[in-house]
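**Q** Chain by chain, the residues run as shown.
Number of protein chains: 2
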Amino acid sequence: MREVAIVAAGMTRFGELWESSLRDLFVEAASDAMRNAGVDAVDDIYIGNMSGGQFVGQEHLAPLMADHLGLAGVGATRVESACASGGAALRLGYLSVASGMSDVVLVAGVEKMTDGADATQVLATAADQETEAYHGITFPGLYALIARAYMERYGATEEDLAWVAVKDHAHGALNPKAQFPRKITVEDVLSSTMVSDPLRLLNCSPVSDGAAAVILVPLEEASKYTDRPVRIRGVGQATGSMALADREDPTWLDAVAAAAERAYRMAGVGPEDIQVAEVHDCFSIAEVCCIEALGFVERGEGAAAAREGLTALGGRIPVNTSGGLKAKGHPVGASGVAQAIEIFHQLRGEAGERQVEGARIGLTQNMGGSGASAVVHIFERV
Amino acid sequence: MREVAIVAAGMTRFGELWESSLRDLFVEAASDAMRNAGVDAVDDIYIGNMSGGQFVGQEHLAPLMADHLGLAGVGATRVESACASGGAALRLGYLSVASGMSDVVLVAGVEKMTDGADATQVLATAADQETEAYHGITFPGLYALIARAYMERYGATEEDLAWVAVKDHAHGALNPKAQFPRKITVEDVLSSTMVSDPLRLLNCSPVSDGAAAVILVPLEEASKYTDRPVRIRGVGQATGSMALADREDPTWLDAVAAAAERAYRMAGVGPEDIQVAEVHDCFSIAEVCCIEALGFVERGEGAAAAREGLTALGGRIPVNTSGGLKAKGHPVGASGVAQAIEIFHQLRGEAGERQVEGARIGLTQNMGGSGASAVVHIFERV
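Protein chains in written order, with the numbering used here: chain S, 581 to 962; chain X, 581 to 962.
Read the hints as simulated data drawn from the structure, not as lab findings. All clues given are correct.
Partial list, computed: chain X residues near chain S (C-beta under 8 angstroms):
no.	residue
1	Met581
2	Glu639
3	Ala656
4	Thr657
5	Gly949
Note that CB positions come from ideal geometry on N, CA and C, so glycine has one too.
Using the sequences plus the hints, can you model the full thing?
**A** Here it is, written out as structure tokens:
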């Protein structure tokens, strides 16, 4: 396989972007990335999107987006893996360049969630319809079950979970693209509305609009486009049991652990080598379980990580320096690509106030549903 | 890139399969393919599906399907390109093996269309929501516009279009998996209900449930799985203008022509080398336009091909020996994979009564919407 590098990135602000349609969001991010790479054409496009069909009545996004970008004719593919759609698209872009099929690839993620559909119901179609959604449970409830099981097993507290959100918002306050670029306190979290016990409003990522895009090329061609390419060194994808009830231990994310193991093996590195990471904090408990499955901390020690500063800027392994899904926003199909953009900026030393000094190796972890699908990428400054 | 071969196939019957759910259909076809390949595990799964979300309220199909196949853990990806979803999935499976990322890949297409959703409205989400569907037009109307333009430009008649359906049904009558395995006459077509002038009921492919699956491996490993592998020699994907009104000539399918040109170039063959083909006959007029864009006949000569026997079994270039989408059925996400299965059987000499004698090179062409996305594959008997 050829080595593959990211050479440019572009993204919209994340938020409730009433003035922008699904296609507007895509075109803004994709044009931004192409301008930054200095290209006016690409060989192939891969688009992550969870549910244009249900959110805004639009399937067949690949030709629509290519057309509105002014590139009708190009090969284009839309991929869906619920909230891991962006990560899945990045993996396909990687395969397209690594295989030799394409020399310049645009990978984008996009979601328009605020145009009228009931977001919670649409998102629930990422759960098992026959054994979960049919009985009325939606994702806040599924993650609340995980949180409750975790708290009972490991003695974690609501305050531990609050610290995850506080840490992510402290990071997000430094990110001008974030939906909620402001600090919050533990007291704010603990006094926010209860959504699904023990998860409160400020433990939950928001409903967002947004798009994110990157340009991939063969590493050996990268210097034509930038003097600071970021190599994709490891790629791992995995699945786990779809229904939470089918898992031996609901607090352990099998698919994340398997995807990470594949990415680490391919990259020839371990969790101890990762200097900055973006993980899938759709709910505070998700970040806790993810950093365990990624091997950043031992099982049962994830809940203390934010409170103890381990995962904060300046800590041993800064997690979600972008603000994460919680503070940056979570336009579901875009999130996996936006994660890669944060690591791209970190490894190029252009993350501004939220820069992790000297970061050379970074990781992204994106997942779908209650963790049934997961994609992990490992990046390295060249 | 590594050479890639199909070594096994499996599919359900196509039809109104009330007793089978979306997951049942997938598991039946995938298990069948795996059994035929003699494997009980795969490295990666690629699934084509247009709209599980809208048809049956189920997104996140990749982990769900992997789990129900008994393979939770495996990497799995769902791709959507409207009615070209199956073809797009096959292309991704090809990339996965060609790149060296995977050694044994399951590619499947599946759609469950009869469980209550308004199929015409769901399918219309493959058209441009802002300039087409919003104004009330659905696909029978869009293809009727193409047909009317074609008839006016080239002097084709309703009888010419009827012959396409008659030919496809004559083939489908020989296919035990077909939804409508029976012959029809020109008189049957011309007296059937008008759906959207000039397209009548028997000019339209049906609403169907079904699934189809194939196993891909590196060509050099293929003899471990079968003594008759079929090599994938060319792959082409392209897009065109999403909205019909944006096309210079609505009777000419730009995306199909571009995808075909890429596949022919990669395979080092031309249309004159193709001995059997499955093309996207969602409506009779679609087959007419497709065989022109594929270069099987000159522009304006597509309408006469079925009537003159050119595309029938025994003709110069038999098209849709399976019965095509018209007679075999069109579970939209599955159709692209089912096309590949027909060519797989033809090139292995196991197509029974519908065998094209001595076929060595075959082609599939799958498209989405009114032709805005297209995927072409070229296959060769090894």
